[in-house]
Amino acid sequence: MKKIESAFQNKLQAQPQRTVRLIVRVKGELSAATARLAELQATVLRSFQLINAVAISCSAETALALLDEPWVQAIEEDRQVSVQKPKKGKKGGQK
Amino acid sequence: MSDIKINAALAEAMAAPGAPSEHRVIVKYRKELSTSHRPLAGIVRPQHFTLIPAAAMLASPEQIHALATDPGVETIWPDLIVHTCLDVSVPHIQAPQVWAAGYTGRNVPVAIVDTGIDASHPDFAGRIVAMQDFTGEGARDNHGHGTHVAGITAGAGNQYKGVAPEAQIYAVKVLHGDGSGYMSEVMAGLEWAVQQNVKVINLSLGGVGPCDGTDALSATCDAAVDQGVMLCVAAGNYGPSVSSVGPPGCARKVLTVGACSNADAIASFSARGPTSDGRVKPDVLLPGVNIASCRAQGTTMGTPVDTLYTRASGTSMATPHAAGMAALLLEAFPTLTPAQLKERIMVTAITLGLDANAQGRGRADAFRAYDGTPSPTPTPTPTPTPTGCLLSVLHLFSAGR
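Sequences listed follow chains H and F, in order.
Okay, so the first sequence: first residue is 1 according to our numbering, each after it adds one.
Okay, so the second sequence: first residue is 96 according to our numbering, each after it adds one.
Keep in mind the hints are simulated off the structure, nothing from the lab.
A virtual CB, placed ideally from N, CA and C, is assigned to each residue, including glycine.
A hint or two may mislead.
Reference listing, derived: stretches of chain H covered by chain F, where coverage requires no fewer than 3 residues with Cβ under 8 Å from a Cβ of chain F [claimed, not checked]:
1. 19-32
2. 44-51
3. 72-80
Derived DSS-like pairs (lysine-lysine); straight-line CA-CA distance at most 27 Å [said to hold, decoys possible]:
4. H/LYS2 x H/LYS27
5. H/LYS3 x F/LYS348
6. H/LYS27 x F/LYS348
Could you put together the complete structure from these sequences and hints?
Shown next as structure tokens:
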């Protein structure tokens, strides 16, 4: 697993002061990771047991700094998802 | 020889472990036989029909076998319970035949992870076990999507009935009133649902593809499957472009569902595979065009039918058909693992003769999945009618005959 997608890394580097939402996959204890994230001025929004991860909000600069943390397995953007209805103008039927 | 007069479904019901001592049956006689000459063999409460030479009665297995030996008897059918159905899609996938076999998803816990639910809708009365909100807006459905999806899986209306009308409903709100939310909110909803020990989760949501299934949301879905939960996930509506299945539809262990019409034509919007790491997706298709289901109070999603129902299209609407099917199968076969369930639904799907990255294995079918019949060849498209449920039951009669 890549630690970060290069396109996302470029996006973070382009606007280091921007606030971003991330999902951070963690190696080891979530509690230790949460404590370290607080030191790094990141806000932990949720933690996840199923995949040992946390959702956080922080600056893009902090996000890039996380790449140097040994307990960070991977970071990715906390992307938006939505209901799966067709866009207007797209109808059913064979194509 | 006489036993061939006994419908196969009735014979199966009579032979089943724990079968009742009496069965409701409909006996069809040779047409030249007058009512007074019809053999009843001491059977109680016969009701004679005039449109066809038949009578309904309650009979023991011994009496049924005795009737079958009578030359005046042509056929003995089970007197099945009939239902009204949700539009045409539910009979099209042969869910009523599974109900007739005795499985309606009763007490199977299903989580609808979506925009919440309108708990006041009469079609869910007494079956919403829990509601949980991860958006901060409250669990009420202020969009309409979650209520519509829940109705397809588990609605129990008189006018419109979902695939598993006796399933238990866990409504998890992870998408906001505008129909969107963060992956992390969906992940939180999934974790909560797993903690509630639900057996099936429906995810009629997603992001833009392509993807390889390693993103956090897809990984969470796979982890939930590892916990024993069947996940049905929308392929997405970014078709017909190649590799348009988005997360979490690209997760490896989920059942990824694309959309087709009630006439088994793939919907142009239904997302196509492969995933960015080359796997075939979607896994199956199900009806997702112009589906009528429950409407949340005060919402305008879709094309409203009346105050209680609305019509909508999307892989969002196809996916809850799969979740309902999973609930039916889990009631019938409670020891099936999610992987076995997925395989059963896939291998029994009816191929539409399309590319695997468009149709998966084909259009899934509830009765075939229940019956375990693989279907390698396309079947003729039936003409949908408002009385589809009744026709489906009659079809079952004739097929068994």
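Now for the hints, and whether the structure bears them out:
no., hint, in the structure
1, 19-32, "holds (count 3)"
2, 44-51, "holds (count 6)"
3, 72-80, "holds (count 4)"
4, H/LYS2 x H/LYS27, "14 Å, holds"
5, H/LYS3 x F/LYS348, "23 Å, holds"
6, H/LYS27 x F/LYS348, "23 Å, holds"
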